[in-house]
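**Student:** Single-letter residue listing:
Protein chains: 2
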Amino acid sequence: MFIDRLTDKIRKLQNPTVMGLDPKLEYIPFSIREKNVKLYGSGFKAAAESILEFNKRLVDAVSDIIPAVKPQLAYYEMYGTEGIKAFEETVRYARQKGLIVIADGKRNDIGSTSEAYSRAYLGETSLEDGAAERAFDADALTVNGYLGADGIKPMIEDCIKYDKGIFVLVKTSNPSSVQLQDMVVDDGRKVYEVMADLVLDWGKNVIGECGYSSVGAVVGATWPRQLKELRERMPHTFFLVPGYGAQGGGAEDVAGAFDRNGLGAVINASRSLMCAYKSKKWEGKFSEDEFDLACREEAIDMRNELRKVCSL
Amino acid sequence: MFIDRLTDKIRKLQNPTVMGLDPKLEYIPFSIREKNVKLYGSGFKAAAESILEFNKRLVDAVSDIIPAVKPQLAYYEMYGTEGIKAFEETVRYARQKGLIVIADGKRNDIGSTSEAYSRAYLGETSLEDGAAERAFDADALTVNGYLGADGIKPMIEDCIKYDKGIFVLVKTSNPSSVQLQDMVVDDGRKVYEVMADLVLDWGKNVIGECGYSSVGAVVGATWPRQLKELRERMPHTFFLVPGYGAQGGGAEDVAGAFDRNGLGAVINASRSLMCAYKSKKWEGKFSEDEFDLACREEAIDMRNELRKVCSL
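Here the protein sequences come in this chain order: D and G. According to our numbering, the first sequence is numbered sequentially starting from 1. According to our numbering, the second sequence is numbered sequentially starting from 313.
These are calculated hints, taken from the structure and not from any lab test. Cβ coordinates follow ideal geometry from the N, Cα and C atoms, glycine included. It is possible that some hints are incorrect.
Label pairs and their calculated CB-CB ranges [unchecked claim]: (1) D:GLU305 with G:LYS350: 52 to 62 Å; (2) D:SER31 with G:ARG501: 48 to 58 Å; (3) D:ASP163 with G:GLU541: 40 to 50 Å; (4) D:LYS153 with G:SER343: 28 to 38 Å; (5) D:LEU39 with G:ASP475: 33 to 43 Å.
The shape of chain D in the complex, shown without the other chains (with noise of 0.2 Å):
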């Protein structure tokens, strides 16, 4: 089951991270980017080629210390056809190495249409003659269940055939958050615990031998207290909680998301990460080309803290 896999690879490296793959150009050292502007001129395919190479630097700089990897579809749909190339092999790549992949696409849709998605990110396609062909075949998808049970349920099947997961968005890292999902309704429950209560329900059939279930919750780690509390309204859903480092949360916000064995959740980290070659911390050690090197350092450093407050 998906999620044993996600706590196996955590209790191994002990070490609850997930490093977000939110590819800005920005962010990717001048010299690579230059080189793929003078293969494949401006555009989006030296676009694509850049963060196709960043990222497989950056997977195989911490293969052997970090459990997961999130790819932001976003930052590839920008770049077209060609960013969605780069995320296919991305992909691929990560999960040869040996790395879980969350896709972070928020998709959500009526039935028949979530199936649609669920085929896509988790499950496989049917094609002419009975044939079938999966096409991003990441291990889970961050789905948004604004749309209740019926644009849910197609993905947990796949869950379930397919050794999959998902992780649907409780309560978002983004200050606006509030705005509706902080909204109290009639008996008193929040909205995003009205939400955490059909996640938990969602997730009643796919529970792991871990105890947790493969249908997961998004929580921001700029929340700690509802962390804390979601922790306990939610005692079989893992988190995936986004916001720390870059977006201000730090150790201390996300150590009410472990459960007493320092399981519960996996915390996020992307441009911390990813760009830690260019932060203060790290200043004067690394080169540009050593981007990969910096990211390990950096991530062994956010393990290190994170070990602080979970006893895995």
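Based on these hints, arrange chain G on the given structure of chain D.
**Tutor:** Using the frame of chain D, we list chain G on its own:
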């Protein structure tokens, strides 16, 4: 402004229909699929070529009577990079033929990532040396507002800058939309009404000469009473109404979406138009290869039905 382009076209054609382009492989006549399998084998490439050919002929069949099309991204993503290419080509082709293209992706994320989605579908992507290129360049994008304003604002900026639109999910057509969207919050509003009020507010600086905003709302045809109530609640918000035809909604069900001038909504039909050639209604009148003619006849019938409930 996007909304003026859309309403001008609706008025000119006296037709508030948008044709959904959700091309499941089984919708496509066998002869087209067979030809492409012979040319490209049975993989994604053949499927994508079949989809594109099917879409182009449907677009040709209705471009003088229907103002807009709505390709649903999930049905392209499920065919991988090849499917995305077919999406890209479909958008380009439909716009060349003068149709307005609403990319149905229900995208959503925190501010910085929402900006990337906006660049992908509405604006343009910056490249090296100050260059920029457009990725998918639709006229409008459907959006999920669960994350609140900061996930929406970058898109509104691009709506202004690039003459584009967004449609934010308010009350979706599926049965389980009640689970979250119909919860009552402590001031007496339902969650979808909270979202409606947010959408009305987000759209207030993008109102066109027609009196409607380029920030629209998605409200399902399957909820006739709510459609009528939301029309009154959101006087400046244009509606994208899915759920007509195969999902069960009829002309009377969507009547409440229109204002006294017959404006206020585009009504989406997908399967009933794309697969008209398969329906009992047209049995014996069209061969499989005349699927486009069947679609046109069905589109004319739908237009005439809608004209009964909106006086354009």
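**Student:** Go through the numbered hints given earlier and state which of them the structure violates, listing their numbers in rising order.
**Tutor:** Every hint satisfied by this model.
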